[in-house]
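S.K.: Here are the chains, one letter per residue:
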Amino acid sequence: MGNLLENMQGIPLNHYLIFCSIIFVIGVIGVLIRRNVIIIMMSIELMLNSVNLLLAAFSAYLGDPSGQVFVFFIMALAAAEVAVGLAIIIMVYRNTKSVDIESLNKLRW
Amino acid sequence: MKEFIWMLPLIPLLGFLMIGLVRKSSPKPLISIIGCGTILISFLLSCGIFKEVYDARLAGGEGIIYQEVFNWFTVGSFNFNISFLVDPLSSIMLLIITGVGFLIHLYSVGYMAHDGGFGKYFSYLNLFIFFMLILVLGSNYLVMFIGWEGVGLCSYLLIGFWFKNSNYAKAAKKAFVMNRIGDLGFLIAMFFILVNFGSLEFQEVFPAAGQLAMGDSTLLVITLLLFVAATGKSAQIPLFTWLPDAMAGPTPVSALIHAATMVTAGIYMIARSNIMFTLSPVTMQLIAIIGVATALIAAFIAITQNDIKKVLAYSTVSQLGYMFLGLGVGAFTGAFFHVLTHAFFKALLFLGAGSVIHAMSDEQDMRSMGGLKKYLPITYITMLIGTIAIAGIPPFSGFFSKDEILAHAFVASPLFWGLGFLGALCTAFYMFRLLYLTFFGSFRGTENQKHHLHESPVQMTIPLIVLAVLSVLGGVINLPEALHGGTWLADFLSPVFAQTNAVVEPFHLSHSTEYILMGASALGAIIMALFAYNKYVKKSEIPEADGSSEQSGLYKLSYHKLYIDQIYDTLFVRPLNGLSKFLHTYVEKLGIDRLVNGIGDLFVSSGKGIRQLQSGNVGFYIFMMVVGVIAFMLYGLFTI
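Protein chains in written order, with our numbering: chain U, 1 to 109; chain E, 1001 to 1640.
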């Protein structure tokens, strides 16, 4: 355990922050510009995991394990979310024969 | 019998509910039996209660029964009960209301037999009796006020009974509005009483009021307001114009509500509050002046009216004026005595007029009548008795009651007596004019009407006969001392007026003066009767048609009712209508409506703009969401 901690602390915190920010922004941009619903789901997953990584890094530097506990929770939630999300996507595909988000514009004024 | 006081108003109320619920589906005989039966039961109960009071008085007691029915509500330290008070004053009123009321119900069975609204009519009439009994029985001003408002409502409903005629509906509205003006006075007076005496119970207010000094300013305000209420209900100047218009209702209604009972409520209320009025001489003066002015003006108008019911209506206003004159000069017993006798002879006259109208196929103009003596013998004889009674010819009842008032007026001021005497002369003249025009001479109606002439059915003539007997004998209950009478009524009522009698010095008039006054009024009445006989029977004059140019100025003034309706119209009705129109067009339409509609429009148009955002494009939603999150983040950064 102590070994792992030393390894993590071997990399400066700033690097974690920058890396996570980059991944998060990639996720956001992916959500914004892609039209394929599956890719959008993946981008969301990217955002979640960037935050997970950040939580783990802070937890290691602070010496407080509760951050890591949060990470497990988020993973579990993400799995559940993906299950529901994929089910929706399957239904959408059955009805519209496409996974293009532009085809879901019926619900409007 | 005491235990049954609460049942007295309840029975007519039950009658109202029963008839009101089944009025469409049940046959007329059933409705008549319920309608008259409830009042008869009430009358029998009233007799029992009266007997109780009478026995108590004979035994030397005060004869006052107080009964609390239930506690209505309590606000702070004020406690309001639904409670009844039976004393000599209200016990006699009970007899009048239920007795005369029963006779008029009976009469109505015949009179309204052909009317489609038979059930509605009887339910209203029973409701009226209920409210009138509440008014009379109430042991505090609040319960009295419930009855006071209720009889006004029933009066409105019954005046507008044939509401499809818009003139009748207007007359009903007029009566209601004018009554409301008076009712406001009553309401404010109640507030003053509550604030100053801490209670509305008669038995608490009057002893407290008796402690105050003569001319106390609080009492002045209270009595003035109560008097305003009385002018509305009892049709005195300036609120009297509704009563002649109230003749739009069925004739038995005019007899019951607008002659015998409801319009005397003001007198009853003042007599009940006698101590407060006695202690404010200014109000008493005002009452006397208004009373005598009303008596005179109404009598003056009645002289030239051609509608048989209008004559009687103005006559009622005039007689009510006498009662107020009596109250104003402190003759409380006299005024109440006149209420009693007036209930008999005026109900009789109205019912007689109804019988005539019934026979004449709803013709009310006396110019089309004449010579009805031989067709309607019972109606003629009973109406003759009523006319003699109201004209004040001895020994009929009206003579004694009017004379008692006039004698008291003479003591107060010979001027009052003089004006009252003048009014009495007019009364004798117009009543005999009515009698002669209707029953003497030759028939002036159409052939068709002549063909239908018939004496009224027995249920209409019995009340006439009973009331005629009462009109003849009614005077004996309070024969003046000067004629070695017992003044029974004055003795009987003395507990009610005990406080007043303790304050004022007893009425005194030498017997010789009283004989002269009596002689003068009796002689005057007989002379006027002969004068009318000469004019309308011997010379067989008939009032000219409307708009005839030969009428003198005074005649026109009287015929057009002193133009009082027109004056009120210009002074109050039109300015009020103008103000309402102004408020409607400018304040309501341009102000309030615009504001309210503007707020609505604002939301509609802003909604139209903002809904463009909901485009259905999911990518756009997500983009907005990200923008929002970033905005929150920036906000968080800058505020922390």
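Please note that a few of the clues may not be correct.
[Stated by the list, open to error] Partial selection, computed: residues in chain E whose CB lies under 8 Å from chain U:
1) 1537
2) 1540
3) 1614
4) 1616
5) 1617
6) 1618
7) 1619
8) 1623
9) 1626
[What the hints assert, rightly or not] Here are the simulated lysine to any residue pairs, SDA-like style, with alpha carbons at most 20 Å apart:
10) E:1051 x E:1001
11) U:106 x E:1001
12) U:106 x E:1610
13) U:106 x E:1543
14) U:106 x E:1051
15) U:106 x E:1616
16) U:97 x E:1624
17) U:106 x E:1619
18) E:1608 x U:108
19) U:97 x U:38
20) E:1608 x U:107
21) U:106 x E:1611
22) U:106 x E:1614
23) U:106 x E:1615
24) U:97 x E:1612
25) U:106 x E:1620
26) U:97 x E:1051
Keep in mind that the hints were calculated from the coordinates and are not lab data.
Positions of the beta carbon are idealized from the N, C-alpha and C atoms, including for glycine.
S.K.: Please verify whether residue 106 of chain U and residue 1611 of chain E have alpha carbons no more than 20 Å apart.
M.R.: Holds - the C-alpha atoms of residue 1611 of chain E and residue 106 of chain U are around 15 Å apart, at most 20 Å.
S.K.: For a C-alpha distance cap of 20 Å, please report whether residue 106 of chain U and residue 1543 of chain E respect it.
M.R.: 89 Å, violated
S.K.: Holds or violated: is there a CB of chain U closer than 8 Å to the CB of residue 1617 of chain E?
M.R.: Given a least distance of 6 Å, the restraint on residue 1617 of chain E holds.
S.K.: Can you verify the interface hint for residue 1623 of chain E: is its Cβ closer than 8 Å to any Cβ in chain U?
M.R.: Cβ of residue 1623 of chain E sits 6 Å from chain U, so the hint holds.
S.K.: Just to be careful, I want the Cα atoms of residue 106 of chain U and residue 1619 of chain E compared with a cutoff of 20 Å; is the pair within it?
M.R.: 13 Å, holds
S.K.: Is residue 106 of chain U within 20 Å of residue 1616 of chain E, Cα to Cα?
M.R.: 6 Å, holds
S.K.: Holds or violated: residue 106 of chain U and residue 1620 of chain E, Cα atoms, limit 20 Å.
M.R.: Between residue 106 of chain U and residue 1620 of chain E the Cα gap is close to 14 Å, so the pair holds against 20 Å.
S.K.: Verify the interface restraint on residue 1619 of chain E: the C-beta must sit less than 8 Å from at least one C-beta of chain U.
M.R.: Hint on residue 1619 of chain E: holds, closest Cβ of chain U at ~6 Å, below 8 Å.
S.K.: For residue 106 of chain U and residue 1614 of chain E, compute the direct alpha-carbon distance and say whether it is at most 20 Å.
M.R.: 11 Å, holds
S.K.: CA of residue 97 of chain U to CA of residue 1612 of chain E, is that 20 Å or under?
M.R.: At roughly 28 Å apart (the allowed maximum being 20 Å), residue 1612 of chain E and residue 97 of chain U break the hint.
S.K.: Taking 8 Å as the limit, does the beta-carbon of residue 1618 of chain E come near enough to a beta-carbon in chain U?
M.R.: At about 5 Å, which falls below the 8 Å cut-off, the nearest Cβ of chain U leaves the hint on residue 1618 of chain E intact, so it holds.
S.K.: Minimum Cβ distance from residue 1614 of chain E to chain U below 8 Å?
M.R.: 5 Å, holds
Checked against the numbered hints above, the structure breaks hints 1, 2, 11, 13, 14, 16, 24, 26 and satisfies the rest.
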